[in-house]
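Position chain B relative to chain A; hints supplied.
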Amino acid sequence: MSTDQVVPVASEASASQFDPSRRVVNDFSIQVATVNGSGSQTANSVLMRAIFQMGIPVSGKNLFPSNIAGLPTWFTIRASAEGYIGRRRDSEFFVAMNPETAQEDVMNLQPGAAIVYDEPLKLNALRDDLHFYPVPFDKLVGPVCPEAKLRKLVRNMIYDGVVGWLLGIDFEEIRKALVKQFGARKAKAAELNWNAVLAGRDFAEKNLTKSDPFAIERMDKTGGKIIIDGNSAAALGCMFAGVTVLTWYPITPSSSLAEALIAYLGKHRIDKETGKATFAVVQAEDELAAIGMVIGASWAGARAMTCTSGPGISLMSEFVGFAYYTEIPAVIIDVQRVGPSTGLPTRTMQGDILSNALLSHGDAKHPILFPSSPEECFTMAQQAFDLAELFQTPVFVNMDLDLGMNNWMADPFPYPEKPIRRGKVLTAEDLDRLGGFARYKDVDGDGIGYRTLPGVKHHAGSYFTRGSGHNEKAQYSERPEDFIHNMDRLAHKFETMRGHVPACDVQDRAGAKLGILCCGTSRDASEESRDQLERDFGIRAGYLRLRAWPFGAEVGDFIDRHDRVYVIDQNRDAQLFSLLRLDMSNERAVKLRSVRYYGGLPVDAQTLTDEILKQEGL
Amino acid sequence: MSAAAPPPAKKTNRLDLEILSYRGGRSTLCAGCGHNAITERITEAFWEMGVEPWSVMKFSGIGCSAKTPAYFMNASHGLNAVHGRAPTVATGAILGNATLPAIIVTGDGDTASIGLGHFMHMLRRNVPLIYVIEDNGVYGLTKGQFSATADYGSKLKTGVINDTQPVDCCLAGIEMGATFVARSFSGDKRQLLSILKAAISHRGLAIIDVISPCVTFNDHEGSTRSYQYMKDHDEPVHEVDFIPSFIDIDVEYDEGTVHEVEMPDGSRLRLKKLDRDYDPTSAMGAVRAIHEAKASDEVLTGILYLDQDSPTLIDKLKMLDEPLATLPQEKVRPSREALAQIMDEYR
Numbered sequence: 001m002s003t004d005q006v007v008p009v010a011s012e013a014s015a016s017q018f019d020p021s022r023r024v025v026n027d028f029s030i031q032v033a034t035v036n037g038s039g040s041q042t043a044n045s046v047l048m049r050a051i052f053q054m055g056i057p058v059s060g061k062n063l064f065p066s067n068i069a070g071l072p073t074w075f076t077i078r079a080s081a082e083g084y085i086g087r088r089r090d091s092e093f094f095v096a097m098n099p100e101t102a103q104e105d106v107m108n109l110q111p112g113a114a115i116v117y118d119e120p121l122k123l124n125a126l127r128d129d130l131h132f133y134p135v136p137f138d139k140l141v142g143p144v145c146p147e148a149k150l151r152k153l154v155r156n157m158i159y160d161g162v163v164g165w166l167l168g169i170d171f172e173e174i175r176k177a178l179v180k181q182f183g184a185r186k187a188k189a190a191e192l193n194w195n196a197v198l199a200g201r202d203f204a205e206k207n208l209t210k211s212d213p214f215a216i217e218r219m220d221k222t223g224g225k226i227i228i229d230g231n232s233a234a235a236l237g238c239m240f241a242g243v244t245v246l247t248w249y250p251i252t253p254s255s256s257l258a259e260a261l262i263a264y265l266g267k268h269r270i271d272k273e274t275g276k277a278t279f280a281v282v283q284a285e286d287e288l289a290a291i292g293m294v295i296g297a298s299w300a301g302a303r304a305m306t307c308t309s310g311p312g313i314s315l316m317s318e319f320v321g322f323a324y325y326t327e328i329p330a331v332i333i334d335v336q337r338v339g340p341s342t343g344l345p346t347r348t349m350q351g352d353i354l355s356n357a358l359l360s361h362g363d364a365k366h367p368i369l370f371p372s373s374p375e376e377c378f379t380m381a382q383q384a385f386d387l388a389e390l391f392q393t394p395v396f397v398n399m400d401l402d403l404g405m406n407n408w409m410a411d412p413f414p415y416p417e418k419p420i421r422r423g424k425v426l427t428a429e430d431l432d433r434l435g436g437f438a439r440y441k442d443v444d445g446d447g448i449g450y451r452t453l454p455g456v457k458h459h460a461g462s463y464f465t466r467g468s469g470h471n472e473k474a475q476y477s478e479r480p481e482d483f484i485h486n487m488d489r490l491a492h493k494f495e496t497m498r499g500h501v502p503a504c505d506v507q508d509r510a511g512a513k514l515g516i517l518c519c520g521t522s523r524d525a526s527e528e529s530r531d532q533l534e535r536d537f538g539i540r541a542g543y544l545r546l547r548a549w550p551f552g553a554e555v556g557d558f559i560d561r562h563d564r565v566y567v568i569d570q571n572r573d574a575q576l577f578s579l580l581r582l583d584m585s586n587e588r589a590v591k592l593r594s595v596r597y598y599g600g601l602p603v604d605a606q607t608l609t610d611e612i613l614k615q616e617g618l
Numbered sequence: 001m002s003a004a005a006p007p008p009a010k011k012t013n014r015l016d017l018e019i020l021s022y023r024g025g026r027s028t029l030c031a032g033c034g035h036n037a038i039t040e041r042i043t044e045a046f047w048e049m050g051v052e053p054w055s056v057m058k059f060s061g062i063g064c065s066a067k068t069p070a071y072f073m074n075a076s077h078g079l080n081a082v083h084g085r086a087p088t089v090a091t092g093a094i095l096g097n098a099t100l101p102a103i104i105v106t107g108d109g110d111t112a113s114i115g116l117g118h119f120m121h122m123l124r125r126n127v128p129l130i131y132v133i134e135d136n137g138v139y140g141l142t143k144g145q146f147s148a149t150a151d152y153g154s155k156l157k158t159g160v161i162n163d164t165q166p167v168d169c170c171l172a173g174i175e176m177g178a179t180f181v182a183r184s185f186s187g188d189k190r191q192l193l194s195i196l197k198a199a200i201s202h203r204g205l206a207i208i209d210v211i212s213p214c215v216t217f218n219d220h221e222g223s224t225r226s227y228q229y230m231k232d233h234d235e236p237v238h239e240v241d242f243i244p245s246f247i248d249i250d251v252e253y254d255e256g257t258v259h260e261v262e263m264p265d266g267s268r269l270r271l272k273k274l275d276r277d278y279d280p281t282s283a284m285g286a287v288r289a290i291h292e293a294k295a296s297d298e299v300l301t302g303i304l305y306l307d308q309d310s311p312t313l314i315d316k317l318k319m320l321d322e323p324l325a326t327l328p329q330e331k332v333r334p335s336r337e338a339l340a341q342i343m344d345e346y347r
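Chain order of the listed sequences is A and B.
First residue of the first sequence: 1, per my numbering; consecutive thereafter.
First residue of the second sequence: 1, per my numbering; consecutive thereafter.
Hints may contain errors.
[As the list claims (entries may be wrong)] Here are the computed lysine-lysine pairs in the DSSO-like style, where the Cα-Cα straight-line distance is at most 27 Å:
hint, chain 1, residue 1, chain 2, residue 2
1, A, K365, A, K272
2, A, K276, B, K157
3, B, K331, A, K424
4, B, K10, A, K267
5, A, K267, B, K331
6, A, K276, B, K10
7, A, K272, B, K331
8, A, K272, B, K10
9, A, K272, B, K318
10, A, K457, B, K10
11, B, K318, A, K457
12, B, K316, A, K418
13, A, K457, B, K143
In case anyone wonders, no lab produced these hints; they're calculated from the structure.
Same shape as in the complex, but just chain A (with noise of 0.2 Å):
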């Protein structure tokens, strides 16, 4: 190895973008560029932690492809100092450890990027304007990393040594991470990796010089701050929730919330006097059985869900609307991919508002829980429930890939203080009260019966549940009269709920014409552009976060307050869009406008930016 290979490249070009002086501290990209299935997963997490150890805000975005291995992945760590966290268009400093990819990856970064590549692949004959820190991995990998098998995953830790020595970030943080990552069983392999950081750190400090203004400094802005992704974040929801039956079927990106919750339920739910489980979970056959035992338990009276993603929800179409006839709880979380159809397995949308909002034949509507982070994601898993059982009806909670499946940065899960909610249903001691039910009467005004339970020993206690016409007392009429009495009634149900869902999040800004209405993940990119319109072009913009369908009586406000309202879709069809026109009186609606984006990668601040400035006519 000749030492001029390894000089890195500082174009003249770049230099006048770069004043080296300019340092850009704690707010730039940093994308990884591997191969699937190669342990780069381990690199990736390892170096977003100690970053964020450091104290500096972090985000970290998987872009992986629907395979097991050898097809190319990337990962993006945003460190943002004023705490955006949602995905950038381009990365200021690239990893490209994948040849198939590494040309492309190279010439679509923007001047000025770093790029720390694998040597071979001679990256610095393609462009001028980049830094360039050709590292050989294969050569430095064999020294620390004696067994040939295991050297495929080893050597991408070496790249954390690499770039945490250009970027200055603390060598014992990185070494903290990666004790946590292996875990205290896992001490060899810790071992081993931690000695391929330092191959990697000890290679970079004889060999290059750093010539790019990249640099990570220690912040306090993460203390006491947990790294989760939504998925976990949601299974706890729902443990804490009280939840006792788990029916699913695998899809991905909803698969690892079943399987944390498994392993939650494992842990933490077996009763301490017996050594029994207080739960039951069953992989069902498909979505269609998965729906329906989450049926037949809640009608039973457990607290039933299941999980699935947007073609899971096509199969329980029919259930779910024999679910909200007959009146039966049901959780369904909804972690959204790309659609239709096979579609983008392994990328996020927000594809499935409209479909779960208004799912099955006949008129049928539903409430729509969207969480926009893993706090939201563990206290909503706890509000469907309750909503569910108030309601007697099926919930969906709308998470999607983004926020599913990747690790994000959150506040501690507060315990919750309030007392599970079961909702209407009586007892045999009620029925003595009251001589007996009518199973779908309103007694109370608010669209809601009561229910009983299989089992209640009483002789009026019994009910027949059936997805044909019925009246009142649950029995079976083709009458039009008890039709549309029944189908009011459910309307009005819907109606109460309003003011039973989640609030949205509102920031008004002082003087702001424009008003900003999104809805689960599109919060990070639509808060941030709402800065990017303020900051650079001096426009104020009001925001609303919606939290729930049916909306709540705030958003016809919100409305009312601003001349123009953009609404952020990740979707091609406007779906929540469409969902406000539906819902909002013709004056409201034409206030309305569309900003979306459906790509597959978390919607990023400048595409809306933009977009809204086109529409402004900026």
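Chain B in isolation, oriented as in the chain A frame:
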């Protein structure tokens, strides 16, 4: 002149309940429909067994059969689900409350066509419930199309001949994990009642395929599900006699004429030999006998297979004995400390 005769003593079961307590609404099925006879037998079986009527969970799918849970045991909760999916809701309900007996009444459309997948997986799981198939070989409610259990070569009223192979629900049951597999005929009151009572005392999945002629669409010459066909081709493998645990009678049988099985609840199942020596504990023997009978146009009836050893879905889940449905909050919400510990793991 004598005074009016005193009313006859009311017949009650061991819970002191009359059969009236086990009745349901009036049937709206066709007069003479085999399903009505099955409804009668189900009513009698639960009454005679002294099962608490309010404790039973009834399920069905869609079709003529699906209406019948409304025609027996009004005192029980019933759930008439969507087409073919009764096994899924019943499985879920049992997860929610495994202390309650459950019965599904379905038809051949539910079981062998649209819901075949769920049927198979219910078999695999050995879900503890009674699964009655009211098997008439046609779709009655949509006016007489063939179902998937229709025999090869059987004829519709319109003259159409079935040229596809039938699904044999009993063979499927034996192959896939049901632990009680029986076939009967709605016209055989005694046999069907005994089989149902045995099924009630079985712990595990009991599949009962009941040939139940459709008087409107499939009771003609050329049908293999007609009353006449069953009269001519019904081949009981044994005489089924069921003696509940709470009845103390002892009947002497000649050595070697009866295959006696003790049920988990102490009841006794006596399978009296007819003209063959049938061993219901042999899956291989049962499968072979069913195939041989088919080849000679016989419909084997009786308890074709019985396995008292395999664990049920509920055994395998190792849940608390009390219903999950009504566990109090302190059993289902982990402690504050548990959450704090989990949060620490994510720091």
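Hint check:
1. A:K365 to A:K272: Status violated; Cα separation ~41 Å.
2. A:K276 to B:K157: 56 Å, violated
3. B:K331 to A:K424: Cα-Cα ~21 Å, so holds.
4. B:K10 to A:K267: Roughly 55 Å between the alpha carbons, so the hint for K10 (chain B) and K267 (chain A) is violated.
5. A:K267 to B:K331: Holds - the C-alpha atoms of K331 (chain B) and K267 (chain A) are around 14 Å apart, at most 27 Å.
6. A:K276 to B:K10: 45 Å, violated
7. A:K272 to B:K331: 9 Å, holds
8. A:K272 to B:K10: With a Cα-Cα distance of about 49 Å, the restraint between K272 (chain A) and K10 (chain B) is violated, given a limit of 27 Å.
9. A:K272 to B:K318: Since the Cα atoms of K272 (chain A) and K318 (chain B) sit roughly 14 Å apart, the hinted pair holds (cutoff 27 Å).
10. A:K457 to B:K10: 23 Å, holds
11. B:K318 to A:K457: Roughly 26 Å separates the two Cα atoms, so the pair holds.
12. B:K316 to A:K418: 33 Å, violated
13. A:K457 to B:K143: 40 Å, violated
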